[in-house]
Structures are given as C-alpha cells and as structure tokens.
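Trainee: Sequence:
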Amino acid sequence: MKHRILLFVFLLSLLSFTSLAAQDVQYNESPMLAARVAAGELPPVAERLPSNPRVVSFDWSQIGTYGGDFRDPFVGDAFWSSQMVFWTFWKGLVTWNETYSDWMPNIAESVDVSDDARMFTFHIRPGVKWSDGVPFTADDVLFVINDIYGNPELNGGSFPSGWLKPGQEAPVAEKIDDLTFSLTFDVPYGMFLLNMAGWPGWELVTAPKHYLEQFHIAYNPDGIDELIAQTEGAEDWVSLFQAHSAVGPGTDAAVISRDVNYPTMFPWIYTQPMGTGTQFIAERNPYYYWVDAAGNQLPYIDRIVGSAYQDDQTMLVDVLAGEYDTMANTTDLQRPLFFENEATSGLSVYQLQSEGGGKVSIMFNMTHPELGSIFSERDFRIAMSYAINRDEVIDIVYFGQGEARQVSPIEDSPLYNEQLTTQYLEYNVDEANAHLDLVLPDKDGDGFRLNPATGERLTIVMTVQSGDYGLRFTDVAELLKQYYADVGIDLVVDVVDNSIWTERRNDNSMEATVFTGEGGYGITAITDPRYFVPVHGQSIWGNAWNLWYLEPNNPNAVEPPQEIKDHIALYEQVRQAPTSEQRIELMSQVLQTAADNFWVIGISSATGPYRPLSARLANVPETWVDGWNPGGPAIAFPEQWFYRPE
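Once you know that position 532 of the sequence shown is 695 in the numbering used here, the rest is easy, because the numbers rise by one and skip nothing.
A couple of the hints might just be wrong.
To be verified - The calculated EDC-like cross-link candidates involving lysine to aspartate or glutamate, where the alpha carbons are at most 20 Å apart (straight line), are: (1) Lys-644 to Glu-589; (2) Lys-606 to Glu-589; (3) Lys-372 to Glu-332; (4) Lys-606 to Asp-542.
Unchecked claim - Across the chosen pairs, the derived CB separations fall in these ranges: (5) Gly-386 to Glu-809: 45 to 55 Å; (6) Gly-386 to Ala-198: 53 to 63 Å; (7) Leu-496 to Ala-381: 28 to 38 Å; (8) Asp-340 to Gly-319: 28 to 38 Å; (9) Ala-781 to Ala-506: 36 to 46 Å; (10) Lys-644 to Leu-733: 31 to 41 Å; (11) Asp-278 to Asp-422: 35 to 45 Å; (12) Thr-622 to Glu-337: 47 to 57 Å; (13) Asp-605 to Glu-395: 45 to 55 Å; (14) Asp-422 to Ser-629: 53 to 63 Å.
Hints were generated in silico from the structure; no laboratory data involved.
A virtual CB, placed ideally from N, CA and C, is assigned to each residue, including glycine.
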C-alpha cells in the first residue's frame with residue numbers, strides 16, 4: 164500500500180506550513196506589481212498564485228512590508244559569486260525544512276512513496292506557474308527526464324548515472340495528468356527526496372519545456388538550422404541546446420543570468436543582465452508561489468541589485484562604509500572588521516553553523532593521464548599530508564580559527580570516523596620524505612624529486628579557483644608550495660577563474676587543486692559524498708572516474724578499476740537503502756574505505772561561518788546551517804526577509 168506524505172507531517176519542524184486554499188483569503192499585491200496590474204501588463208495576484216500556495220510562517224517571524232533593493236556586491240561571476248539569486252536554486256519540487264533535518268513539499272503539494280521506495284508520485288500545486296505566467300506541469304519534468312537526460316545525442320546513448328539513476332536503468336517517468344507524474348526506479352531509492360531537497364533538485368524545475376523545445380530537434384526540426392546560425396559557438400542542434408539550456412550535460416546554469424527571457428521558478432528573476440556593465444538587476448517574480456500567513460505574495464523585497472568589483476579589498480571598503488546589505492564569501496580575517504564597524508556599515512553579523520567536514524581539501528588527480536600513477540600511490544598522499552604545517556596554515560590563513568583535521572564528518576555526526584579525521588596530521592618532514600622515497604626516490608642537483616617516467620624533475624600544477632568562497636585557496640596553495648619544496652616536490656600554483664577550472668576538470672587536465680570541504684554536518688556526507696566517493700563533479704581526486712560515472716560520453720572519462728567500482732556500488736546501496744539506520748550503517752562502511760585509502764587531504768576544521776546582513780532586515784533567523792548542500796542563505800528563507808522602516 165502506498166502512503167501519502169501530506170503537508171502536516173512536517174509541522175514537527177519549526178516551520179509553519181499551512182494551507183490557505185480552504186480559507187476565504189484576500190491575496191495581497193505588492194505595490195511594485197500593482198502598477199503593472201493596473202497597466203494591464205499582469206493579471207491580479209489571485210490569478211497568478213496557485214490555488215493552494217505554499218504558506219511560509221515562523222513562530223519568530225512577523226508579517227512584513229513590501230519594497231526595497233537588496234544591494235549585493237561581488238567579485239567574480241555575476242551568477243555564481245553574487246549569491247542571493249543563485250541560492251534560490253534550492254527551491255524545487257521539495258525543499259529542506261528549516262532545521263536541515265528532512266525534506267518537505269514545495270512546488271509539489273504532496274508526494275506518494277511506494278512501500279518499496281521505488282515509485283514516487285508527485286502532485287504539483289494546481290495553478291503554479293513559471294515566471295512568464297505559463298503553467299508548470301508534469302510535461303516540464305518529463306522533458307528533463309526523457310528529452311534532456313534521456314536523449315541519446317545529448318548523452319551519448321546512456322542516461323548518466325547519478326542522483327536520477329541510482330541503479331542500472333534510467334527512471335521511468337510517467338505522466339498521469341497535467342499535475343501528476345510518477346518516477347519509478349529499478350532499485351529502492353530511500354535517499355531520493357533528500358537528494359531532491361539539495362542542489363540536484365533544481366534540475367527538474369529549471370527546464371521550461373515551452374521555452375527550450377525551440378532548441379530541441381525533436382520539437383523544432385524545421386527551425387533548428389536558423390537558430391544554429393544565430394547562436395555563437397553552435398555547430399549542431401546539440402551545441403545549440405547546450406548554449407541555451409541551464410539543465411543537462413555540457414550546459415551552464417549561469418545562462419539564466421544572461422538570458423532574461425529564460426523562465427524560472429525562482430523568487431527573483433534577472434531583468435537586467437551584466438552585459439558590458441558592472442551591475443545586474445533581478446526583480447521579484449510576479450508568479451512566485453509562496454505567500455505569508457496573511458496572504459501577501461512573497462518575496463517582500465522588490466529587487467536584488469548586484470554590483471561587480473575587481474578585487475575583494477575595494478569591495479570590503481565600500482561594504483564597511485555602509486553601501487551594501489551583505490557580503491558573501493567573507494573570511495576569518497574580516498570577521499573582527501564587521502563587528503568593529505557595525506555602526507558605520509549598517510550590518511549585523513549572524514553567527515552560523517557550518518556543514519563542512521573541513522575548511523578546504525587538497526586533491527591530487529589519480530586519473531591524470533601522465534601523473535595519475537604517481538598520485539595513486541597511497542604513500543605519496545600520506546607524504547603530502549605529513550609535509551603540511553597545519554598549525555601555521557591555520558594561524559596565517561585562517562587567523563587561528565580551527566584545529567588540524569582531515570575532511571570528514573564532525574564529531575557529533577552519526578557518521579563520525581576517528582581514523583578518517585585524525586590520521587597523518589602531524590607536521591613531520593622526516594616522515595614525508597620516508598614515504599616519498601618509496602615512490603620518488605631519485606632527485607636532481609637542487610634536491611627536487613624526479614618523475615620516474617621521464618627522468619626529469621617532477622613539477623605539479625595546482626589549479627586554484629580565483630572565486631574561493633572566502634576560503635583563500637590561493638593563500639593555502641602558496642604555503643603548500645613552500646612545504647612541498649622542503650620535501651623535494653616542485654609545485655606551481657596556477658590561479659584561474661571558475662570557467663577555466665571547470666574546463667580543466669572536464670578535459671581531465673587538472674593535476675591538483677585546493678577546493679572546499681563539505682561532508683561534515685549530520686548526514687551531509689551521504690547527500691554530498693564528493694570527497695569519499697568519485698560520483699560528484701568536484702571529486703577531483705578521481706576526476707576521470709566521476710566523468711565515467713556522470714558523463715559516460717565524455718571522451719576523457721576513464722573506467723575505474725574494480726575496487727573503485729565496488730566502492731561506488733556500495734555508495735549506491737547507501738542511496739537505495741529505505742531507512743535512515745540502514746543508510747548510516749552502509750555509509751559508515753564507505754567512510755571506512757575512504758579512511759583506509761586516504762584519497763583526500765584536509766587541513767583544518769570548518770569553523771562556524773558568519774553572514775553580515777543589513778541591520779534593517781527583519782525575519783532573519785538567529786542562525787542556520789550554512790553551506791553548499793543546505794543552500795547557503797536559502798535555508799534562512801530570504802523570501803520573507805523585509806526592511807524595517809528607517
């Protein structure tokens with residue numbers, strides 16, 4: 164028998180999630196949109212909302228007022244670096260609850276789950292619409308499953324493994340009616356709804372069929388050639404589709420920030436892209452499906468205004484001078500500055516909880532065509548860990564905030580593994596050299612180790628993103644260069660923008676990198692296992708293996724050895740397990756294998772992050788779990804933030 168998971172199940176969380184459908188509610192219009200309604204540009208709010216909108220209300224929140232621009236400065240890409248719009252990707256068919264402990268319905272009004280956790284039937288809110296007013300229906304989801312991921316030309320004939328393919332076969336997507344569809348998997352998939360609440364879930368609600376079908380050969384065979392000719396870089400219908408879609412292999416989610424005609428389900432939609440200027444504007448979505456307890460359509464804030472800077476220091480000066488409402492990717496060095504300048508900046512500092520299993524990770528690509536055989540030697544990785552003076556890194560880069568540890572679930576997680584956390588942390592040059600002598604025994608006249616394959620000095624290029632999420636990747640890498648030189652390893656630090664980093668990931672030319680450290684809080688290691696299993700696009704330690712898993716048609720993909728295949732299969736059992744207890748037991752085995760193999764090197768514990776926000780903002784929770792998987796400030800529900808009168 165199927166069991167229907169209704170909305171009231173989630174009242175156990177602190178979030179009040181109620182229905183206004185059965186009540187005589189007068190939905191209220193924002194002044195910004197009321198003018199457009201009066202001008203005949205939009206229908207009234209009651210016609211734009213679903214019949215049963217999602218109601219967002221908290222014990223500690225209040226009914227807000229409309230208006231204001233959220234001023235958001237950034238350095239880097241307008242989409243990935245300016246995070247207030249980007250983080251709204253975490254609003255899919257289901258979302259995390261406020262406490263980051265379970266999923267809850269969102270665009271889907273409810274979900275039926277079969278007893279064997281193989282079939283999931285979704286019931287979409289009646290009347291929910293894309294940002295251009297076109298209804299969101301089951302056809303939009305089936306378009307993603309069947310026409311994007313299921314298209315053999317887009318995917319090389321094989322539905323990619325990953326969160327939508329937990330077993331051997333692609334899911335079977337069936338439309339029951341316009342507002343009801345089912346996904347049936349070939350294996351039990353107990354993790355499915357939790358995975359959907361995190362980052363992956365955006366894919367199913369960000370490919371509007373009515374817009375993207377013009378770029379798809381199955382729907383527009385006669386018009387494709389003309390569109391190819393009009394699109395820079397497009398050579399065939401596949402590259403045309405990849406240039407315009409935010410969803411699918413070879414696509415770029417940031418296209419949403421450049422194409423103002425791209426319909427989304429997000430609370431704010433881009434109306435003025437960056438172009439050649441230094442500012443973008445995202446305005447309230449007139450068809451957003453959330454309301455407050457009084458029937459006011461959310462969000463309260465009218466616009467997100469992003470301003471680009473060339474460097475962090477100039478941006479920081481302006482932020483502390485009171486010109487902005489936040490600053491993303493703040494560092495430990497800046498923390499006291501925000502506290503000391505609260506009066507002049509107009510910002511309050513919120514202390515948050517981290518989801519991280521470490522501040523940063525160090526990954527040597529064991530699948531690199533030339534150097535992978537060296538990096539695959541466990542003694543090499545152990546040596547690289549012993550060579551790091553972690554206390555010095557923590558003092559210099561992170562200003563004494565943190566303790567030495569490898570990347571792993573934190574101590575109060577049910578997945579904590581002491582070996583994974585504490586091994587090879589000692590700064591010991593003698594131990595590092597002893598392990599390196601087993602792999603790279605020969606040196607040149609300057610004391611640098613020789614590559615056995617060439618007889619020449621081994622030089623490793625560490626590719627580092629300039630957009631470092633406030634984690635100071637470059638500073639860490641420059642210290643690693645010194646430490647590794649002391650044990651005869653020549654390291655070159657190459658700082659690139661995010662697009663170049665991604666290119667090197669895609670063509671498997673990445674030799675090594677410093678990156679983030681997810682996998683610490685609660686069961687995050689299960690939902691984001693990138694440092695423990697090569698099934699994630701940022702599992703650079705096994706880069707070509709994750710390409711094999713996620714993008715089987717990628718010419719740079721490499722079939723893993725059997726022991727890695729077995730490890731991936733064990734993790735797939737984790738995702739399939741129908742109960743939390745079974746998932747934790749199986750994931751503990753995955754983590755023990757990761758500990759025994761020591762694939763990824765960590766430096767420091769992830770200290771509690773902080774978020775500066777305008778002191779005028781109301782309805783901001785006192786704290787939240789901050790990180791990639793819960794969606795940064797998305798889990799703090801910025802849709803219901805509003806500005807107090809000055």
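Trainee: Hint by hint, where does the structure go against what was stated? Just the numbers, ascending.
Mentor: Result: hints 2, 3, 6, 7, 9 and 14 break, sorted rising.
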